[in-house]
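J.: Below are the chains, spelled out letter by letter.
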Amino acid sequence: MAVRVVTDPGPLETPVVTSRRGIAGTVGRGLSRNRKAMAGLGLFGFFLVVAILAPVVAPYDPQSLQFDQMLQPSRAHLLGTTGTGQDIFSQLVFGTRESLLIAVAAGLGATLISVIVGVSAAYLGGFSDHVLNLFTDVFLVLPTLPLMIIVGTYLNNRGLAVLIGVIVITGWSYGARQLRSQALSLRNREFLEAARARGERSLYIIVFEVLPNMTSLIVAIFFGAALYAVLAAAGLQFIGLGDPNSLSWGTMLYWAQANGALLAGSPVWVLAPGLCIAALGAAFALINYAFDEIGNPALRPVKRRQ
Amino acid sequence: MSYLVRRLEFFFITLWAALTINFILPRIMPGNPAQAMIVRFRGRVSPETVKAIEVAFGLHSNENIFQQYLEYLRNTFTGNFGTSVTFFPVPVGDVIRQGLPWTLGLVGMATIIAFILGTLLGMLSAWRRGGFFDAVMPPVFIVISAFPYFWLGLLVLLAFALTLNWFPLGFAYDLTSSINLSWDFVGQVIWHGTLPALTIVITSIGGWILTMRNTMITTLAEDYVKMARAKGLSPVRIMFMYAGRNAILPNLVGFAMSLGFVISGAILVEIVFNYPGLGFTLLQAVHSEDYALMQTLFLMLTVAVLVAVLAADLLTAVLDPRTREHG
Amino acid sequence: MITATTTQPLLQVKDLCVDYLTERGPVRAVDRVSLEVAKGEFLGIVGESGCGKSTLLFAIARLLSTPAEISSGEVWFGGRDMVSMDEEEMRHLRWRDYSVVMQSAMNALNPVMTIEEQLGDAIHAHLRLPHRKLAARSAELLRVVGIDPVHLHSYPHQLSGGMRQRAMIAMALALTPDLVIMDEPTSALDVVAQRSLMVKIKQLQREFGFACVFVTHDMSLVSHFSDRLAVMYAGQVVEIGATRQVFTDPKHPYTVGLMKSFPSISGPLLPLTGIAGGPPDLARPPSGCRFHPRCPRAFERCPGEEPDLYAREQDLVRCFLFDT
Chain V
1 MAVRVVTDPG PLETPVVTSR RGIAGTVGRG LSRNRKAMAG LGLFGFFLVV AILAPVVAPY
61 DPQSLQFDQM LQPSRAHLLG TTGTGQDIFS QLVFGTRESL LIAVAAGLGA TLISVIVGVS
121 AAYLGGFSDH VLNLFTDVFL VLPTLPLMII VGTYLNNRGL AVLIGVIVIT GWSYGARQLR
181 SQALSLRNRE FLEAARARGE RSLYIIVFEV LPNMTSLIVA IFFGAALYAV LAAAGLQFIG
241 LGDPNSLSWG TMLYWAQANG ALLAGSPVWV LAPGLCIAAL GAAFALINYA FDEIGNPALR
301 PVKRRQ
Chain G
1 MSYLVRRLEF FFITLWAALT INFILPRIMP GNPAQAMIVR FRGRVSPETV KAIEVAFGLH
61 SNENIFQQYL EYLRNTFTGN FGTSVTFFPV PVGDVIRQGL PWTLGLVGMA TIIAFILGTL
121 LGMLSAWRRG GFFDAVMPPV FIVISAFPYF WLGLLVLLAF ALTLNWFPLG FAYDLTSSIN
181 LSWDFVGQVI WHGTLPALTI VITSIGGWIL TMRNTMITTL AEDYVKMARA KGLSPVRIMF
241 MYAGRNAILP NLVGFAMSLG FVISGAILVE IVFNYPGLGF TLLQAVHSED YALMQTLFLM
301 LTVAVLVAVL AADLLTAVLD PRTREHG
Chain Y
1 MITATTTQPL LQVKDLCVDY LTERGPVRAV DRVSLEVAKG EFLGIVGESG CGKSTLLFAI
61 ARLLSTPAEI SSGEVWFGGR DMVSMDEEEM RHLRWRDYSV VMQSAMNALN PVMTIEEQLG
121 DAIHAHLRLP HRKLAARSAE LLRVVGIDPV HLHSYPHQLS GGMRQRAMIA MALALTPDLV
181 IMDEPTSALD VVAQRSLMVK IKQLQREFGF ACVFVTHDMS LVSHFSDRLA VMYAGQVVEI
241 GATRQVFTDP KHPYTVGLMK SFPSISGPLL PLTGIAGGPP DLARPPSGCR FHPRCPRAFE
301 RCPGEEPDLY AREQDLVRCF LFDT
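Protein chains in written order, with our numbering: chain V, 1 to 306; chain G, 1 to 327; chain Y, 1 to 324.
Bound conformation, chain V alone (with noise of 0.2 Å):
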């Protein structure tokens, strides 16, 4: 060994975070200084707040067919009526509800099944990781929307729980991908040594040693597999394939396009529920970019230095 330049080490690399309190502090500190994520989670917020204080913000019933067909903006009617004379700005608001808790149950249960087959793989190793990883990637390749459509026509149900179940069963799989290499790389860390050393079982391990430090990448595919569940709810809806007698962002455009709102020049009817829609997405987007940021100093915005 060359001779090296002999001085006592300095202390341990400190890394691991191990109390709930603490990591919740870090994620929830680095994202009130991204500017990105504060975006994202106030509209976030913002919809939230309209979807619970609904019955207060909205004018009026939104599934009353009393007001006239097809009327133009006016301030009766915020956003004008649609082809059976309900009040547009009313389904709006109250269509915040289903769509917003479409996003929010599918994303949770995409990632749920992404994180317990990403991290199955990582630890289970060998063939079952192989296993795993190519029925991971079979999932990521296939086209989510025909195959939706053919599993979503053949039950034949066109009810809320298949919608979830549909976009649950085609969206697990891009964070699968992210969580296994995570877990992965923090397999052989030192601090999985020294609870190995004092005896614990892997599932203990896992759960409360490996997952507290994915937490960041889990919320992170939270918001990524969210944002999918809105935009293939949208589009399955949108196609006929969601209940049209149930009232979300969604079903509305469904409605404006078999009127045919655009051609017959009440484009708010399809422009209104679409921009709700953009713009849910784009918060989880925001937000999902945001921990890329986090986790990655370089790619945070550099200013321009004069």
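Errors might be hidden in some of the hints.
Stated by the list, open to error - Stretch-level coverage of chain G by chain Y, calculated; a stretch enters the list once three of its residues show a Cβ under 8 Å from a Cβ in chain Y:
id, region
1, 137-145
2, 239-245
3, 314-322
These are calculated hints, taken from the structure and not from any lab test. Just so you know, even glycine gets a beta-carbon here, dropped at the ideal spot from N, CA and C.
Model the placement of chains G and Y on the given structure of chain V, informed by the hints.
T.: Frame of chain V; chains G and Y shown alone:
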């Protein structure tokens, strides 16, 4: 070489998975779609066709499931996909053959343009960190890429076709013309195809710009880029030969795999623009509960994505000498 | 300034300061470093990790990347101050007048280009040579460092570590520069390869006549091959002088500690001693003399003032003990 072997393994397994999904779904789903089809067909088809449908869906069959599976596979590989309900009595294969070139053309062109533009813009953005483009571009494209494909299509339609009247409202060519190879016809195709292609490009390019930008930023910090600077090479050469060529490598296969997502979006765009490709066909199939057509479309689209992935794998092997060694 | 020869030095660094612009404010990694290198001279720079030696090197070569930047000082080379030159002017100097050899050839060589392409790159950027001459020159360069020219068509990952390092040196000599800057080129190699590489470098230096600034943490290696030695600590030069002098009669307490921390292979058996404590946080360096918290000979003056470089027997030492 083991790199290519692994990729081929993936190709065949995914293909097999798609085929098997198509086989299993009708047999495990509640309700009986085949019966519904037959009822609708009653009196209008020959007994052979009824038999074919029964075979395809596994009804009234004395064969066990494995024999059915083999029969199904044989049918698929000989191009016998059954008869379409929507376009009765045209066989599914023919229906698809009609729509395929339009979709391939539209999606193919749009994706290639988006890929090339996206990669270049991503490189430039990383190269000029702190510049105006780099500061403004990420949030703008993050937001745009979250737009539903069809909504953007509707916006584009509203803006450029309805309001400004620069482009037609839909379809692939003027309905009064017939399909031929004249310049006039080609011009029409391009004119009609511009808005749908534009929609696909705008929505998909964001993801590629951002991915390329991110890999490029990491690559620019590498020692060999520093060496290139130290050697006094021209900035253009450094950006392309040293940084760009290395930054793009990990992304190639990822780009191909995201095609599944692009195709899903393209389907919706076709629907918005009434473009006579496979997406539009899929919509019609859904409305007539034409299972044979739907499933075959799914299979075709999967094959398309797989071929793209394989092509990307080959391209990576060509561009990255390291994969050729250890695999 | 005491110089090794009386002619105009090749490289003159004057009060160079390099800051890292962090979120918490600028952190000074190189603090008012001055040194000179004469033509054909071999200057070694040693210090522990984090002392700023690599940063200094890249600053001299104008290869710093954000967030590091030169905040003040001058680097005179070929009669011009490089700090004040813009990138376009620098490009003309690069590789022709001075070149760089980096620590890890695996990272410093472009993985998707052949050795020939990378060698040719450097030459082609500055000289227009017909293809045949370029190929001949590349082959000759490889031969000179001891690599079979058949490897021109190899990719970096196909060569062994030692060969890659030699290929880098071949590249550095492509345009026969006056100065070659080397950042720990042997650290990634095993002992045998290290030694043979050093011998080769020294031999090439004699043949081609270039000056060399060689950064390393390996004292023994550099002491055998360098003419002059500079010791860095916490971003400052604490001792600089002829290698033999510094080695046999170290003056600064830090240098003394370094020398004592490895025994010579001949001579009496001595217990190993280290230097207590660890290197300081450069964001908040100790007051006065930066070494005083760890110095066995510190006295009242040390925490209060910052020492200059004081001359003693042809050495320069940054320590109040030598302020006469």
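J.: Decide, hint by hint, whether the structure agrees.
T.: Hint by hint, here is what the structure shows:
Chain Y is given as covering the region 137-145 of chain G, and this is violated because 0 residues of the stretch bring a CB closer than 8 Å to a CB of that chain, at least three being needed. Given as covered by chain Y, the region 239-245 of chain G passes the check, having 3 residues with a CB less than 8 Å from a CB of that chain where 3 are the minimum. Residues of the region 314-322 of chain G lying with their CB closer than 8 Å to a CB of chain Y number 4, which satisfies the three-residue condition for coverage.
Of the numbered hints given earlier, the model fails hint 1 alone.
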